[in-house]
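J.: Spelled out, the chains give:
There are 2 protein chains.
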Amino acid sequence: MRTMPHLTTFDPARWRAYAQGALRDDLVAALVVSVLLIPQSLGYALLAGLPPEAGLYASLLPLLAYAALGSSPVIGVGPVALLSLMISQAVAHAPPGVPPHAVALVLAVEVGVLLALAAWWRLHALAALLSVPVLQGFETGGAVAIALSQLPALLGSGARGSSLPQLLASWRETPLPWWPLTALFGVVAIVALWVLRKRAADWLSRMMPRGRAVLLARLSPLVVLATAIAVEAITRSGERGVVLVGALPALEWRLHAMSFDLALWRELLPSAAPIALVAFVSSLVVAESMARKEGTRIDPRRELAGLAAANLAAAATAGMPVAGSFTRSVMALDAGSRTRMAGVFTAVFMGLAVLLIGRPLALLPIAVLAATILVASVAVFDLQPFREAWRYDRAECVLMTLVAVLTVVMGVTWALGVGVAASIGLLLQRTARPHVALIGRVPGTEHYRNAERYEVELTPGVMALRIDESLLFTNARQLSDVVAQQLVRYPDTRRVVLQMSPVNHIDLSGLAALRALHDMLAGRGIRLDLSEVKGPVLDGLKAGQWRQWFGGELFLSHHHAMEADGPVR
Amino acid sequence: MRTMPHLTTFDPARWRAYAQGALRDDLVAALVVSVLLIPQSLGYALLAGLPPEAGLYASLLPLLAYAALGSSPVIGVGPVALLSLMISQAVAHAPPGVPPHAVALVLAVEVGVLLALAAWWRLHALAALLSVPVLQGFETGGAVAIALSQLPALLGSGARGSSLPQLLASWRETPLPWWPLTALFGVVAIVALWVLRKRAADWLSRMMPRGRAVLLARLSPLVVLATAIAVEAITRSGERGVVLVGALPALEWRLHAMSFDLALWRELLPSAAPIALVAFVSSLVVAESMARKEGTRIDPRRELAGLAAANLAAAATAGMPVAGSFTRSVMALDAGSRTRMAGVFTAVFMGLAVLLIGRPLALLPIAVLAATILVASVAVFDLQPFREAWRYDRAECVLMTLVAVLTVVMGVTWALGVGVAASIGLLLQRTARPHVALIGRVPGTEHYRNAERYEVELTPGVMALRIDESLLFTNARQLSDVVAQQLVRYPDTRRVVLQMSPVNHIDLSGLAALRALHDMLAGRGIRLDLSEVKGPVLDGLKAGQWRQWFGGELFLSHHHAMEADGPVR
Numbered sequence: 001m002r003t004m005p006h007l008t009t010f011d012p013a014r015w016r017a018y019a020q021g022a023l024r025d026d027l028v029a030a031l032v033v034s035v036l037l038i039p040q041s042l043g044y045a046l047l048a049g050l051p052p053e054a055g056l057y058a059s060l061l062p063l064l065a066y067a068a069l070g071s072s073p074v075i076g077v078g079p080v081a082l083l084s085l086m087i088s089q090a091v092a093h094a095p096p097g098v099p100p101h102a103v104a105l106v107l108a109v110e111v112g113v114l115l116a117l118a119a120w121w122r123l124h125a126l127a128a129l130l131s132v133p134v135l136q137g138f139e140t141g142g143a144v145a146i147a148l149s150q151l152p153a154l155l156g157s158g159a160r161g162s163s164l165p166q167l168l169a170s171w172r173e174t175p176l177p178w179w180p181l182t183a184l185f186g187v188v189a190i191v192a193l194w195v196l197r198k199r200a201a202d203w204l205s206r207m208m209p210r211g212r213a214v215l216l217a218r219l220s221p222l223v224v225l226a227t228a229i230a231v232e233a234i235t236r237s238g239e240r241g242v243v244l245v246g247a248l249p250a251l252e253w254r255l256h257a258m259s260f261d262l263a264l265w266r267e268l269l270p271s272a273a274p275i276a277l278v279a280f281v282s283s284l285v286v287a288e289s290m291a292r293k294e295g296t297r298i299d300p301r302r303e304l305a306g307l308a309a310a311n312l313a314a315a316a317t318a319g320m321p322v323a324g325s326f327t328r329s330v331m332a333l334d335a336g337s338r339t340r341m342a343g344v345f346t347a348v349f350m351g352l353a354v355l356l357i358g359r360p361l362a363l364l365p366i367a368v369l370a371a372t373i374l375v376a377s378v379a380v381f382d383l384q385p386f387r388e389a390w391r392y393d394r395a396e397c398v399l400m401t402l403v404a405v406l407t408v409v410m411g412v413t414w415a416l417g418v419g420v421a422a423s424i425g426l427l428l429q430r431t432a433r434p435h436v437a438l439i440g441r442v443p444g445t446e447h448y449r450n451a452e453r454y455e456v457e458l459t460p461g462v463m464a465l466r467i468d469e470s471l472l473f474t475n476a477r478q479l480s481d482v483v484a485q486q487l488v489r490y491p492d493t494r495r496v497v498l499q500m501s502p503v504n505h506i507d508l509s510g511l512a513a514l515r516a517l518h519d520m521l522a523g524r525g526i527r528l529d530l531s532e533v534k535g536p537v538l539d540g541l542k543a544g545q546w547r548q549w550f551g552g553e554l555f556l557s558h559h560h561a562m563e564a565d566g567p568v569r
Numbered sequence: 001m002r003t004m005p006h007l008t009t010f011d012p013a014r015w016r017a018y019a020q021g022a023l024r025d026d027l028v029a030a031l032v033v034s035v036l037l038i039p040q041s042l043g044y045a046l047l048a049g050l051p052p053e054a055g056l057y058a059s060l061l062p063l064l065a066y067a068a069l070g071s072s073p074v075i076g077v078g079p080v081a082l083l084s085l086m087i088s089q090a091v092a093h094a095p096p097g098v099p100p101h102a103v104a105l106v107l108a109v110e111v112g113v114l115l116a117l118a119a120w121w122r123l124h125a126l127a128a129l130l131s132v133p134v135l136q137g138f139e140t141g142g143a144v145a146i147a148l149s150q151l152p153a154l155l156g157s158g159a160r161g162s163s164l165p166q167l168l169a170s171w172r173e174t175p176l177p178w179w180p181l182t183a184l185f186g187v188v189a190i191v192a193l194w195v196l197r198k199r200a201a202d203w204l205s206r207m208m209p210r211g212r213a214v215l216l217a218r219l220s221p222l223v224v225l226a227t228a229i230a231v232e233a234i235t236r237s238g239e240r241g242v243v244l245v246g247a248l249p250a251l252e253w254r255l256h257a258m259s260f261d262l263a264l265w266r267e268l269l270p271s272a273a274p275i276a277l278v279a280f281v282s283s284l285v286v287a288e289s290m291a292r293k294e295g296t297r298i299d300p301r302r303e304l305a306g307l308a309a310a311n312l313a314a315a316a317t318a319g320m321p322v323a324g325s326f327t328r329s330v331m332a333l334d335a336g337s338r339t340r341m342a343g344v345f346t347a348v349f350m351g352l353a354v355l356l357i358g359r360p361l362a363l364l365p366i367a368v369l370a371a372t373i374l375v376a377s378v379a380v381f382d383l384q385p386f387r388e389a390w391r392y393d394r395a396e397c398v399l400m401t402l403v404a405v406l407t408v409v410m411g412v413t414w415a416l417g418v419g420v421a422a423s424i425g426l427l428l429q430r431t432a433r434p435h436v437a438l439i440g441r442v443p444g445t446e447h448y449r450n451a452e453r454y455e456v457e458l459t460p461g462v463m464a465l466r467i468d469e470s471l472l473f474t475n476a477r478q479l480s481d482v483v484a485q486q487l488v489r490y491p492d493t494r495r496v497v498l499q500m501s502p503v504n505h506i507d508l509s510g511l512a513a514l515r516a517l518h519d520m521l522a523g524r525g526i527r528l529d530l531s532e533v534k535g536p537v538l539d540g541l542k543a544g545q546w547r548q549w550f551g552g553e554l555f556l557s558h559h560h561a562m563e564a565d566g567p568v569r
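The listed protein sequences correspond, in order, to chains A and B.
Just so we're aligned, residue 1 is where the first sequence starts under full-length UniProt numbering, counting upward by one.
Just so we're aligned, residue 1 is where the second sequence starts under full-length UniProt numbering, counting upward by one.
Source of the hints: derived by calculation from the structure; they are not laboratory data.
Positions of the beta carbon are idealized from the N, C-alpha and C atoms, including for glycine.
Each hint should be verified, as a subset may be incorrect.
Claimed, not checked - To give an idea of the interface, some chain B residues facing chain A are shown, with a C-beta separation under 10 Å as derived from the structure:
1) PRO100
2) PRO300
3) VAL344
4) GLU396
5) LEU399
6) THR401
7) HIS447
8) ASP481
9) SER501
10) HIS505
11) ALA512
12) GLY523
13) GLY540
14) GLU553
As the list claims (entries may be wrong) - Some chain B residues well away from chain A (every beta-carbon gap over 12 Å; in silico):
15) ARG14
16) VAL35
17) ILE38
18) ALA127
19) GLY158
20) ARG197
21) ALA263
22) VAL354
23) VAL418
24) LEU426
Throw the hints in and build the complete structure from the sequences for me.
T.: And the structure:
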């Protein structure tokens with residue numbers, strides 16, 4: 001277990017232990033993460049359609065807020081790519097005349113409040129709404145949408161857009177389609193970044209141990225950025241139309257810029273809700289993945305509280321929603337982060353960076369930043385999960401693909417809405433069409449298996465059925481029909497035994513269906529018995545006073561039920 | 001099996017057999033049903049906010065159309081109470097200036113087309129959306145709403161409304177709150193109807209066999225109606241302000257009154273969809289109940305086709321949606337109906353009635369019709385299902401009550417929408433919180449049961465768990481956590497065996513969760529084995545190439561899995 005001083009209560013002994021133990025590791029990890037965080041935060045702010053400093057400032061206070069309330073020792077909170085994509089789409093659909101930073105500010109407050117409410121009302125289970133196919137499709141589609149959205153900045157076009165139709169429309173309307181000098185910066189940066197990503201670790205591992213080489217290689221984009229700044233300082237291409245990051249305004253309290261237009265707040269809520277869900281789920285995925293590596297457990301509710309605090313802090317100082325970043329968290333873990341204090345130190349380093357390297361950063365061409373985002377997105381793009389899903393379950397693969405395509409074409413809110421609805425639809429459809437097995441005895445054992453898959457013995461006159469689903473309203477109407485179909489094949493049946501081990505619940509509709517089945521069979525002179533009814537299900541049946549109509553017997557094991565069939569009672 | 005001539009192919013031999021066999025029974029049943037259908041169809045048209053003849057005409061062609069395409073031999077298609085309530089609510093919310101009959105006409109066409117599309121696309125499974133609590137709540141709330149909506153007509157008030165707030169608002173606005181002479185007709189009719197409903201069967205059974213007495217007693221409302229007509233003919237109270245049914249216009253082709261205002265069609269679609277669903281489900285419930293009594297099966301798709309044809313026929317001639325009526329179907333069955341020809345004869349008798357008794361019917365005070373509807377609704381009102389639901393499952397009882405209250409207060413569309421969403425929500429919540437059982441061996445057997453419910457033997461170092469749910473996206477995130485919680489209780493565990501018999505499906509999210517569990521356990525040096533994996537689930541795992549990461553073993557029976565635990569391999 002990690003030793004970590006409480007931030008709220010001051011205990012000198014624990015702080016001393018910390019200073020002698022984990023402090024150094026946390027400082028190193030914070031330094032490494034900060035170096036990666038500087039270009040990421042600038043780039044993600046631009047991706048969101050906001051001024052670059054918004055990203056830097058979103059990497060200061062939110063880190064402290066998460067460290068105070070969150071649970072994970074390594075999770076890196078701040079601007080993240082997919083959230084920035086969602087912000088840019090919300091900005092693009094905001095009413096005309098509202099500046100992007102005002103939209104993002106309202107979003108950040110709403111996301112913070114929604115997350116805080118979710119923590120209060122214990123709604124962490126809602127994370128389940130984003131199933132694996134939805135998340136995977138969203139990530140893949142998001143990578144494509146992010147890469148596409150960077151093309152204009154990369155080529156020096158004034159076009160903007162975060163979904164394909166927007167981008168095409170904007171591209172057609174923009175008078176200057178591209179600017180050769182900007183494009184030169186962009187394309188050279190892409191090539192350099194790609195080569196470094198593929199080769200840097202190998203090159204470095206000739207000089208140092210492999211682990212450290214891999215870690216350092218992740219910082220290689222910094223070389224490209226520094227080179228670009230140097231080239232810009234020499235050539236002064238900014239004076240010939242290449243757009244630069246520009247001087248960063250000082251950190252200031254942002255809340256004074258808050259809009260109190262209720263209509264705007266209401267209009268942005270449908271964007272804020274999916275942003276809050278994605279912020280929570282992506283942070284949770286990161287935290288879970290880290291916890292698995294560490295053998296620890298995470299508390300989803302504290303995760304919600306930490307994220308809520310981080311987003312409210314982001315609203316106060318930066319004005320853009322934040323979440324846990326996968327790349328930076330992996331980096332923090334690999335760099336040896338030991339406690340949440342690493343996040344505090346990262347915030348301190350970022351603050352120093354704003355003060356110390358603001359002037360060189362101002363010279364960075366935006367096309368080069370765009371190139372780092374594009375390369376990072378393309379590197380994430382992976383079709384392997386689609387191939388695996390296709391092999392496992394075609395319907396889920398179709399869902400995954402649909403979500404990916406909708407993310408690019410219609411925007412994230414649409415894609416997630418359709419994805420969640422379709423996930424629920426698939427689940428309902430599965431429960432609606434249960435697999436039905438006629439079961440028989442595996443010779444010489446007390447085990448009963450599907451007669452179509454195994455060589456089994458059937459008992460004449462007794463039909464043993466296993467219906468592989470709970471009895472729910474989705475399938476209740478079919479229960480009698482399924483049994484009646486089997487009776488057509490075995491017309492001399494005088495007893496039906498339902499093996500109930502797959503039945504995890506019986507709802508009111510299922511109870512009515514069981515009664516209808518019992519009565520239908522009784523009308524034909526056939527007896528209905530049940531075997532292996534689970535405890536909670538049986539409790540329910542008793543509460544429903546089923547003995548008033550049920551005339552059959554209950555057996556603890558299916559074998560007993562079949563053995564009991566001597567002369568018909 | 002029933003002998004019934006095909007309506008489409010003329011086969012003299014079969015018709016001759018029919019004429020000598022079932023013809024007489026069908027004729028008698030048709031006569032009895034027609035006698036009941038006359039007041040019902042008038043009343044339900046008024047309930048829907050339409051002129052009374054709409055109900056009569058909705059009982060002619062639709063019966064023929066259903067007989068041609070439907071499947072049930074006894075189901076009585078025509079105006080039904082709950083559908084009329086829904087029509088009246090759609091009429092009340094229609095744009096101002098559109099007359100009620102135009103609204104109902106568009107609804108009938110839309111309902112017919114939706115049902116036809118549902119038949120074509122094989123969407124009969126959508127009937128499952130109306131779970132038992134939703135249907136029961138809707139029926140109870142509907143009975144209350146119908147009874148309330150009849151109060152103004154009964155008391156001679158001009159107020160109108162089919163939901164409580166509408167009714168109260170309208171009542172307050174109406175200048176003349178009630179009319180004593182009308183109220184006299186209404187109240188006397190209610191008392192007479194109620195006494196007849198409670199006593200008529202007993203009185204009649206002194207004169208005839210009980211079965212026939214019960215059947216005849218159901219026709220007793222006719223005595224009240226005939227008396228009211230006679231009183232009206234003598235007192236001519238219609239001239240003193242008592243509203244009468246009035247002269248019936250001749251049957252005519254209605255489609256010429258059709259609105260082609262696309263905006264109206266679009267606006268009515270959200271009302272037509274739940275009407276179509278309710279028409280289908282209530283007819284299906286009737287057909288299922290009849291089929292169970294008869295030991296036959298029904299074909300939901302043919303049911304859809306028959307209803308679609310009936311509604312399109314209703315649109316052409318009457319202009320109101322129709323469905324299968326429970327009371328009239330039970331009556332047809334009890335009266336001995338043998339084939340779908342009974343429906344044809346009912347249509348013929350209804351046609352004769354329109355021609356022959358139109359003049360006396362014109363004298364019927366509407367307050368008396370309202371009294372028949374009110375008494376029929378109150379008689380249906382039953383709290384027993386709520387009590388039973390409370391004992392069985394409180395959440396479903398709350399849902400049932402919510403749907404009933406919403407039906408009265410907000411209208412049927414709202415109530416059904418909330419009900420369906422809440423049913424799905426309850427199902428998701430159930431799958432999200434699986435029951436977890438630590439299982440042990442029932443001494444001296446090969447059976448394994450929940451250690452908290454049975455006296456069982458546990459194997460030291462081996463944790464056998466049964467998670468009573470499929471592994472789905474709703475619960476995937478909790479799988480590792482649930483096992484980790486158990487590991488806290490049994491820290492010396494070196495092997496975990498999951499008994500998989502309750503697992504009916506594993507979706508992609510569940511597969512990822514199983515892999516995460518496997519890796520989490522492997523990280524702690526614990527081995528994961530599975531027992532009793534079902535065939536379809538195993539097929540899926542194999543397709544997902546799980547052997548690439550799964551290091552444990554599969555056992556056909558849980559007992560084998562536990563026996564296998566000699567020295568740890």
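J.: Run every hint past the structure and note whether it holds.
T.: Results for each hint:
1. PRO100: For B:PRO100, the interface hint is violated, since the closest Cβ of chain A sits about 34 Å away, which is over 10 Å.
2. PRO300: For B:PRO300, the interface hint holds, since the closest Cβ of chain A sits about 8 Å away, which is under 10 Å.
3. VAL344: violated (28 Å)
4. GLU396: This hint holds: B:GLU396 lies near chain A, its Cβ roughly 5 Å from the closest one there, short of 10 Å.
5. LEU399: At about 9 Å, which falls below the 10 Å cut-off, the nearest Cβ of chain A leaves the hint on B:LEU399 intact, so it holds.
6. THR401: Cβ of B:THR401 sits 13 Å from chain A, so the hint is violated.
7. HIS447: holds (5 Å)
8. ASP481: Status holds, d = 6 Å.
9. SER501: Because about 4 Å separates B:SER501 from the closest Cβ in chain A, which is inside the 10 Å limit, the hint holds.
10. HIS505: OK, holds: B:HIS505 within 10 Å of chain A, min 5 Å.
11. ALA512: Holds, because the Cβ-Cβ distance from B:ALA512 to chain A comes to roughly 5 Å (cut-off 10 Å).
12. GLY523: Status holds, d = 6 Å.
13. GLY540: Hint on B:GLY540: holds, closest Cβ of chain A at ~6 Å, below 10 Å.
14. GLU553: violated (17 Å)
15. ARG14: At about 25 Å from chain A, B:ARG14 clears the 12 Å cut-off, so the statement holds.
16. VAL35: holds (30 Å)
17. ILE38: holds (33 Å)
18. ALA127: Contrary to the label, B:ALA127 does not stay out of reach of chain A, its closest Cβ about 6 Å off (not over 12 Å).
19. GLY158: Since the minimum Cβ distance to chain A is about 39 Å, B:GLY158 lies beyond 12 Å and the statement holds.
20. ARG197: holds (27 Å)
21. ALA263: Check passes; 25 Å lies beyond 12 Å.
22. VAL354: holds (37 Å)
23. VAL418: About 15 Å separates B:VAL418 from the closest Cβ of chain A, which puts it past 12 Å; holds.
24. LEU426: violated (8 Å)
Hint compliance for this structure: hints 1, 3, 6, 14, 18 and 24 are broken, all remaining hints hold.
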